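Work out the full structure: start from the sequences and follow the hints.
Heads up: the sequence shown at position 11 corresponds to 143 in our numbering, and the numbers run straight through without jumps.
Mixed in with the good hints, there may be bad ones.
To be verified - So the derived label-pair ranges between C-beta atoms look like this: (1) A268 with P149: 28 to 34 Å; (2) R169 with E239: 17 to 23 Å; (3) Q163 with D230: 37 to 43 Å.
Derived from the structure by calculation, the hints contain no laboratory data. Note that the coordinates shown come from a computational prediction; the quantities given were computed from them, not determined experimentally. Using N, Cα and C, we set each Cβ at its ideal position, and we do this for glycine too.
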Amino acid sequence: RDAWNTLASDAPPLIRPRLGAAVGELGGAVQTRSATRASRLAIEVARLALDLELRYRSALEIDIERFHLWTQQLRIHASSTDLGGVRGDVAVVEWMRDRIVRALSREQLRRLDAGLRALRAAADARNLESAADHAARLGALVRQFPAD
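Printed below as a string of structure tokens:
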């Protein structure tokens, strides 16, 4: 909250109210010890913070971080046995792939595509535990990729 209060006056007007609300809700979820809600809100705060960081970091770097956040969102949906959420998250990371491929070597692209196929297969098979595992691996993989 202190960091947000310091940055809020400089935040773009379209981001400021959404990020402020998300930070407040996250604080409430932490105080009530609502782990799932706090996890979801932490990801939302991180996504909105990335919008602020676009002024200082490359779009590719932000897209890599967004991809990672979606894999973490998928893990939360899987732990909540939310198959629809998992399937939606798979679709998003498949779409996000196209935003980062320009920076990847052939080997990195091969590994990413293999991981995405495995993730899709797990979601299609309704195997949420396996989908969460593949999402964790993909999240770690994309963070190894070059940002520029």
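Cβ distance range 17 to 23 Å for R169 and E239, holds or violated = violated, 39 Å
Does the Cβ-Cβ separation between A268 and P149 fall within 28 to 34 Å?
-> Taking Cβ atoms as reference, A268 and P149 lie about 32 Å apart, which means the hint holds.
Assessment of proposed distance window 37 to 43 Å (beta carbons of Q163, D230) | Holds - the Cβ-Cβ distance for Q163 and D230, about 39 Å, lies within 37 to 43 Å.
The structure does not agree with numbered hint 2 stated previously, though it agrees with all others.
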